[in-house]
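Undergrad: Sequence:
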Amino acid sequence: MLDVNKTLPKDPDDLRQFTALLLAEVKSQAVLIEKLRHQLAGQRHHRFGASSESIEQLQLALENSEIAVAKMTAKLRLPDEEPKDKPKRRPIPDHIPRMEVELTTGDDDCAHCGGGLRRLGEDVTEELEYVPGRFIVNRIVRPRFACSGCEAFTQAALPSRPIERGRPGPGLLAHVLVNKYADHLPLYRQSGIFERDGIDIDRSTLADWVGKSTALLEPLADAIGRHVLAGQAIFADDTPVKMLAPGTGKTATARLWAYGRDERPWGSSVPPASWYQFSPDRKGQHPKDHLAKYQGWMHADGYAGFEDLYRSGDIREVACMAHVRRKFVDIHRAQGSAIADETIKRIAQLYAVEKEARGSPPDQRADLRQAQAKPIFDDLEAWLHTQLPSISGKSPLAGAIRYALTRMARLRPYLDHGILELDNNTAERAMRSVAIGRKNYLFVGSQTGGKAAAIAYTLIETAKLNRIDPQAWLADTLARIPDYKINRVDDLLPWKTAI
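Those letters in the sequence shown? Residues 1182 to 1680, per this note's numbering, in order.
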């Protein structure tokens, strides 16, 4: 710091030296003030912006752990073990409407001797079901018949159900899944909502249903993944989620990865889809495993873990202009920077060209970009180069410009290829539901619980992308998939159903 009591030197050389020192001090203070303003703006947004609501953490910890156990039990086909303290199943209340279905073999005569059949009794199975807006009970009646000649017995078989030894219908299972992963309602809250209708379903029971449902639906999520990776260009992003660390009582930072395919902007009729994967950390090996069979373009941010993928040559990078723009928006909000404001305006011109190109075939999009977007892109890049020497290299603005120049070099392919996009917003939109849900469930109980969440997000978000009601589609799929051949599971994809 300068000594404010120091008198001005009278010697011209000393005065010039003093002036240079003073200017350096002023510049240093200006950079410090700029940094502090930027940090303060971020802290204010973090503190006074949307805050996470308070959640009963014990309920959530149990919920996510139970989902993981149920999924693993179903996947390994382990026998169900009911703990001694498991709540006893109460009968379905009488006020819930019943819909009776009688199942018979359709035979009037004995298959063994041809004698007449007489009715001895019946077996009744009550299945709690949910149709939009209300509960119903499917009362499945299966009469037992005996032959009057040879005393042989006959009875229709009970249809396959999504959860054996359980009473939930496919519509109720779909309702619980959509409530949790699309509408962000933790299971203990759903249990409370059901109780108001007189339906007693414990949180642990709901967790068991979620785990077993996602295990049953996993082949369908895998099919969506294959569909995504068959695209010429995909979108990739990841977001942190907390995972309970075994034996410590603490949480570790895991990741949910989203890979998207959406060819609608260039007029393709191929259905859009989002494929989610879970990993216990953010090591670059995970996307390498996810994308081991993929070849093509990938829109992504500047995550260093993707670099190995690009070096292989099978995957070619397309950077994201939205990430570039966001840094300048933050700086403009914090400091009112004229350079940041001008950068934002120039980027807006690129998006105006994209608006005009949307829906056109790839070759027309490429031609339009070459004629209109490329001059804007080149001018922006050159202009940023000229601005960088005029500002402090340690300022946030300088950091944003260096980031922009680095990423723009990797964004240039979009100008030549009409199947590419200016940003990675497709993947970022896929993460929106995860980010909202994360505020409600706080963490996943284990890796198995995280994988269950990835399956549910894959199915629900893909249905939404195709403008299909995820609850209606999942209800139909859960009713059909228990008896479906694994090699025909693609027939159950949301865009192939008549929902």
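No lab work stands behind these hints, which were simulated from the structure alone.
In this text the structure is predicted, and so the values were computed from the model without any measurement.
One or more hints might be untrue.
No farther apart than 25 Å at their CA atoms in a straight line, the calculated lysine-lysine pairs in the DSS-like style are these [unchecked claim]:
#: 1; residue 1: K1677; residue 2: K1666
#: 2; residue 1: K1508; residue 2: K1526
#: 3; residue 1: K1575; residue 2: K1526
#: 4; residue 1: K1474; residue 2: K1431
#: 5; residue 1: K1474; residue 2: K1423
#: 6; residue 1: K1474; residue 2: K1508
#: 7; residue 1: K1464; residue 2: K1536
#: 8; residue 1: K1464; residue 2: K1431
#: 9; residue 1: K1464; residue 2: K1474
#: 10; residue 1: K1645; residue 2: K1677
#: 11; residue 1: K1526; residue 2: K1536
#: 12; residue 1: K1645; residue 2: K1536
#: 13; residue 1: K1555; residue 2: K1508
#: 14; residue 1: K1508; residue 2: K1575
#: 15; residue 1: K1555; residue 2: K1575
Undergrad: Against each hint, give a clear statement of whether it holds in the structure.
TA: Structure-based check of all given hints:
no.	hint	result
1	K1677 <-> K1666	16 Å, holds
2	K1508 <-> K1526	14 Å, holds
3	K1575 <-> K1526	24 Å, holds
4	K1474 <-> K1431	36 Å, violated
5	K1474 <-> K1423	29 Å, violated
6	K1474 <-> K1508	34 Å, violated
7	K1464 <-> K1536	36 Å, violated
8	K1464 <-> K1431	20 Å, holds
9	K1464 <-> K1474	19 Å, holds
10	K1645 <-> K1677	14 Å, holds
11	K1526 <-> K1536	15 Å, holds
12	K1645 <-> K1536	23 Å, holds
13	K1555 <-> K1508	22 Å, holds
14	K1508 <-> K1575	15 Å, holds
15	K1555 <-> K1575	30 Å, violated
The earlier numbered hints that this structure contradicts are 4, 5, 6, 7 and 15.
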